[in-house]
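Residue numbers (the working numbering), protein chains in the order written: chain G, 2 to 288; chain Y, 60 to 425; chain R, -4 to 327.
No lab work stands behind these hints, which were simulated from the structure alone.
Please note that a few of the clues may not be correct.
[As the list claims (entries may be wrong)] Using 30 Å as the maximum straight-line C-alpha spacing, the simulated DSBU-like pairs for lysine-lysine come out as follows: (1) 46(G) / 307(Y); (2) 271(Y) / 63(R); (3) 218(Y) / 206(Y); (4) 170(Y) / 63(R); (5) 218(Y) / 170(Y); (6) 269(R) / 263(Y); (7) 316(Y) / 261(Y); (8) 261(Y) / 63(R); (9) 269(R) / 206(Y); (10) 322(Y) / 228(Y); (11) 228(Y) / 63(R); (12) 170(Y) / 375(Y); (13) 269(R) / 271(Y); (14) 271(Y) / 172(R); (15) 172(R) / 198(Y); (16) 289(Y) / 172(R); (17) 269(R) / 228(Y).
Please read all numbers here as calculations on a predicted model, not as lab measurements.
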Amino acid sequence: MPAAAADLGYRRRKLVDRLARGFCIGATALAVLPLFLVLYYVAEKGLAGVSWDFFTKMPMPVGETGGGMKHALMGTLIVVAVASAIGIPVGILAGIYLGEFGQGGKFGQVVRFSADVMAGIPSITVGLFVYAVVVLTMGSFSALAGGIALAILMIPTVMRTTEEMLKLVPAHLREAALALGAPKRRAIWRVAVRTAAPGIATGVVLAIARISGETAPLLFTALGKDYFSTDLGKPIATLPVQIYNYAISPYDDWHQQAWTAALVLVFMVLVFNLAARALVASRGAKR
Amino acid sequence: MKTLGTVALACTLALGGVALSGCGKKKRVSKGESGKTTTSSSSGDIDLTGAGATFPYPLYSKWMHEYNQKFPHIRISYQSIGSGGGIRQITANTVDFGASDAPMSDEELSKAPGKLLHIPMTIGAVAIVFNLDDVTELKLTPDVLSKIYLGEIKKWNDKALTDLNPDAKLPDEEITVAYRSDGSGTTAVFTDYLQAVSPDWKTKVGQGKAVKFPTGLGAKGNEGVAGQVKTTPGTIGYVELAYAIQTKMPVVALQNKAGKFVKPSLEGISAAAAGALATMPADYRVSIVNADGDTTYPIAAFTYILVYEEMKDATKGKAIANFLWWAIHDGQAMGPPLNYAKLPAEMVTKEEGTLKQLKANGQPLI
Amino acid sequence: MSSNESAPAAGRLRVRRAPWLAWLRRHEVNVGDGLFRMVTAVFAASAVVLIAAMAIELVMESTPSLSKFGLSFLWSSDWDPVAEVYGALPYIFGTVMSSLLALVIAVPIALGVAIFLVELAPRPLARPIGFMVELLAAVPSVVYGLWGIFVLAPWLREHLEPFLAHTLGWLPFFQGKARGIGMLCGGVVLAIMILPTIASVSRDVLRAVPAAQREGALALGATRWEMIRAVVLPYARSGILGAVILGLGRALGETMAITMVIGNRAEISWSLFKLGYSMASVIANEFAEATTDLHLAALAEIGLLLFGVTLLLNMGARILVWRVSRLPGEKK
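Pulled out of the complex, with its shape left as it was, chain G reads as follows (with noise of 0.2 Å):
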């Protein structure tokens, strides 16, 4: 928007704004950094390790090489999943129920409080809880009881972004579809939710990013095991407690072992990250 050039008070003005748009380039530098930082010293430390083996065998005690993890990352996607399967859902029906139900009243005040200091217990407290819940009911440690214990950390996550998201959908749209004659959960539910789609989409990737890295609620829930096992009622072994059960040996190759897993698992992030975007942007509304 060309204006009046010579006025000294729109030369100040541009120049604070050359400086917040240099601010903004600079953050984004320095947030980029560490992020190179870390992945390419996780990458750097676990490529070596990078094998057929370590997808498709079981692991070999120390000083034996050639072992994999591929009970782990059996475990890894069938506790997310469970995770998930329950998260998910609850996450984001909670979030449409804040978003769309919950703005004025006390009820919706209490939730979101509640989902606040959710988002700040410690995983391990999590873990104790479910332990206390699950595990000594079950008398056994079960991947079920991870995959509740991780559902736990994902859903403050997945349901205060599902709220803010809901709420930035302007209300015309909504008015249109109930205008047209749709119900009220019709407006929602295929109208706004499907425009606030690809936010809620970010939060789901970020809770479950989030969980799958996580070790301490897994300790005292799904515990692990060194066999290859799908059983949902038994204890059942997950990367990040494989990661972390050989980064604090003193042994060199199970060290490798853990970097590799750790490069793993992040890609496997990377990817369902992927497929999360594919999906939503395939089904969901375009801006």
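Fit chains Y and R to the known structure of chain G by using the hints.
Showing chains Y and R alone in chain G's frame:
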């Protein structure tokens, strides 16, 4: 975008497929096959779970792998959640056996629903590691070591240190003391030793898996302390022997009860156990720090597996009992390559007697 | 059909009924609006139920400690598992300090990133950078801890901390010996860990601001930055606050990574170079090995206190952001 997403979905499915392909694999116990057998659980398979101390994890995992090669239908899993965790889980009966570095106290034993037996499996030692430029050999007496950890000796070139090590180029710098921030058997053994050799330590700090260290920096886990010492010159710390050996850090030669300066070694550790044999109680709950003997390394301790004397399930019980029998006999040879010391022969004989006590439904399991 | 910018969603109303819905319609089952609302309310209530259940569980577990120490637990600095004396003040201080430090570092940078991604970045650059920021969330906390010990701490000890001591050493924040490990390292690692959450959610929030608002400001002669500051940010204020609170929550609850780099020393000091100890860390460190009832109760009580700290900090954050963004002409 769409093609990328499709590729991503395909990758996920492929990954899951590859992992699942292991599900239906037949058992194969030939020499060429590496990795554990991957039979899905079928009748005849015995699945056992143990949990507890982190210190013996590498050795136990080796044992269980080897045992599974011998008896493919017996699958034993061990998870390291800490000695306290092991004690709690076996008390709550959520695992088949527990493992702990420090023996259970009377109070802890009274909480268990049945009689718990301690079975010593191997012996560990705590090494004192340090990081000083130009210094690779360091001698310390128990008194000096406790004073360093009490914060009373603050500098590397303190007179007490230079007297013991006249040839070493000790710098005029503050000693950074590293300790374990997480509760651990290693701390329990180390503080057990310190309180045995220093009345000051006993009154001011005491012994336990987690104590209030008067000075220094807390690092998480053995690897945390090792990492801290390795990356910061002027630091001293205590770690399980295996970490010192694997990371090739210089270790302190500590003066033992007999007055000799010894560095930790597998022989020195076994000697500590042998030295304590004479006064060994029947339940093996004993401390072997500062033991007698010329070659004894003073900071050593047993690590135990905890099992109920009376087992509910005869099949599982038999499997556990036989595994433990194998571990104290054939399994011992696998210890030294992994930096674990063998049990002295007399102890093995004693433990055979203890294992014979295990029973289910009134019938002995061995 | 309707106006230009966001019509497509409304236009899809008549497309593709799910088959199960058609079945229900044929059988004249009315899936009422009230039912929908009730279903979502039930799920929303589950969050409250969970929190209440966890709080109750923690209260039950911490009764021995509550009754023995009472309020002194909050201001005593003496934590001695051998003498069975417990006081939580250093941990409370450590958690609050490290989380606030993480926010102070992460929020401006995350907002800068979000603004960059939405407003300033060329299309082909925005997507990959956005992905990579989200990917930061996937790195396991153990890995952050290890990176912190082996890469960040030495760099802090050798470069940044001496620089800070040299230039700003008169401030109480930069006193003492530079060790690398310590409160500053913990704050930086936490900041990196919460950055993806705040940045990604803020990015989506900013993206959702309608074009009409933006174009209106620009039409009135605003510079890009003025448009962002005066129109986009206020519109997105609530969403950004939500993002910040999620980030704060993650910082408060983070266990593994911070334990590995904060030094684990129960000390209270304003200096960022000093070692500290956070509530989540002490629980994680001592829980596995704690065997006496009182020790376990004290740790449970710390978990309970963390609830309280989270609540207070959340309320504080809300008030702060509300105030700051309400005042006219105020920065940010």
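Verification of the hints:
| no. | hint | verdict |
| --- | --- | --- |
| 1 | 46(G) / 307(Y) | holds, 20 Å |
| 2 | 271(Y) / 63(R) | holds, 20 Å |
| 3 | 218(Y) / 206(Y) | holds, 12 Å |
| 4 | 170(Y) / 63(R) | holds, 22 Å |
| 5 | 218(Y) / 170(Y) | violated, 50 Å |
| 6 | 269(R) / 263(Y) | holds, 24 Å |
| 7 | 316(Y) / 261(Y) | holds, 18 Å |
| 8 | 261(Y) / 63(R) | holds, 25 Å |
| 9 | 269(R) / 206(Y) | holds, 23 Å |
| 10 | 322(Y) / 228(Y) | holds, 20 Å |
| 11 | 228(Y) / 63(R) | violated, 51 Å |
| 12 | 170(Y) / 375(Y) | holds, 23 Å |
| 13 | 269(R) / 271(Y) | holds, 18 Å |
| 14 | 271(Y) / 172(R) | holds, 22 Å |
| 15 | 172(R) / 198(Y) | holds, 28 Å |
| 16 | 289(Y) / 172(R) | holds, 19 Å |
| 17 | 269(R) / 228(Y) | holds, 29 Å |
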